[in-house]
Structure formats: structure tokens, C-alpha cells
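Q: Please arrange chain Y on chain G, whose structure you already have, making use of the hints.
Residue numbers (the numbering used here), protein chains in the order written: chain G, -7 to 107; chain Y, 204 to 316.
Worth flagging that the hints you see were computed from the coordinates, not collected in a lab. From the three backbone atoms N, C-alpha and C, an ideal C-beta is built for every residue, glycine too. Among the hints, a few may not be true.
Ranges between beta-carbon positions, derived for each pair [unchecked claim]:
hint, chain 1, residue 1, chain 2, residue 2, range
1, G, N50, Y, K283, 45 to 51 Å
2, G, N50, Y, T213, 34 to 40 Å
3, G, S20, Y, E262, 18 to 24 Å
4, G, A(-7), Y, T213, 31 to 37 Å
5, Y, Q276, G, Q61, 37 to 43 Å
6, G, S20, Y, S232, 33 to 39 Å
7, Y, A212, G, Q(-6), 28 to 34 Å
8, Y, K283, G, P1, 31 to 37 Å
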Amino acid sequence: AQTVTQSQPEMSVQEAETVTLSCTYDTSESNYYLFWYKQPPSRQMILVIRQEAYKQQNATENRFSVNFQKAAKSFSLKISDSQLGDTAMYFCAFMSSSNTGKLIFGQGTTLQVKP
Amino acid sequence: SQTIHQWPATLVQPVGSPLSLECTVEGTSNPNLYWYRQAAGRGLQLLFYSIGIDQISSEVPQNLSASRPQDRQFILSSKKLLLSDSGFYLCAWSGGALGNTIYFGEGSWLTVV
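In isolation and in its complexed conformation, chain G is listed as follows (with noise of 0.2 Å):
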């Protein structure tokens, strides 16, 4: 079964800095998605950012990056410039190919920007 873990329940940054958020992952298959969510305090789950495991050029959003590391099995999120409305819960997420719509989600990182 597949496992998705985030080893950082709370991170802050102050406002214009970078973070780094940690995921790291467990499965069998070859192909498969992964995605960072952000969940803000409205409770929307957001897409922030998706990477498809067959490309090896690492996905970028705007001020969003990811560092995906098939072979360590690890994906984490970089944010640039940080803003206050960045302020949020992200969790990282894996879907299966063969599983589609089936997200297994990490526990989540609180991150706060300060000002």
C-alpha cells in the first residue's frame, strides 16, 4: 500500500524568504501523480502544484517548485518570495496511474508567514 509521509507538522518563514516543505513517499509503481494541496483557513483544498512521475524536469508554478527525487522517493515544495497569503496547511498527495482519483494524502505542514 502506499504511504505518503510529512515530517514537519509546522514550519514558519518570514514574509519575502524561502521554505522548503518535506514529503516523502512509499510505493511499488513506476507511474503515478503527485501533487502539493493548500489548505487555507477557509478550508478549500487548492491545487498548488502536480508532477507526473515519468517526467524528470521538476514542475514550477510562479513562485512554487518542487524538488522530485524518484529514485529517494521524496517531493518537496519550495516557495519563493514568501507571502502572508501563503499562510496555510499543505498537504502532499499520491495518486496511482492505475488508481485515478484515489489521493493518499501526508498529514499535512502548517506553514505561517510572518510579517
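A: Frame of chain G, contents of chain Y only:
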């Protein structure tokens, strides 16, 4: 563009009462639809998914059921709520040109008292 809406946003229901949460998707056809539940401060757990009208699969045995009477409508129901049904419920969809990425609705916070 595609949008997803679910309602009500919050509700407080007594034990033993029925439940109906509704979700609709606009801007796409034949989406895959999902109901997830989130326990306090934790990740989400998939409850149901649907690949088409009246095609529902359940991931976890529970006191809840789901129905899809129309292509873009997904309903979560219960005949008699339990205290353990309390939680945050999110409807989600995937499909079309966006492929395997799942997008979530605003969520519904259910408190059973």
C-alpha cells in the same frame, strides 16, 4: 472554465436525522466525481467516486451513500446520522483536458449533535 460548487457550507444535525449534501460541476461533461472526508487537522479520505450516471463505487464501509442522478450532480446522503459522521466533506472532480488532476469544492462542515 470549470467550476464546482457544493452546499450547504455548514450544517448541524441531530443524531438519527437524515443528511443530503449536494455538489454540481459546470463547464465540463462526463467528469469523474468524488466525495472525500477530512477528520480534524488531517488529510482527506476518499469515500465515493463515480465515473458516470448511476455508477458509484464506495471506498470505505460506512453509514453514508452517494448518488449521481445527473452527469454533473453528485449527492452524499445518510438516512440516520451518527456522531462519528461529523467532519468536513469535500466534493471533487477530474476529467476532460485536465486529466488526472483532482479539483475540490469549497467543502461542507457537518456537526452531528
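Q: Hint by hint, where does the structure go against what was stated? Just the numbers, ascending.
A: none
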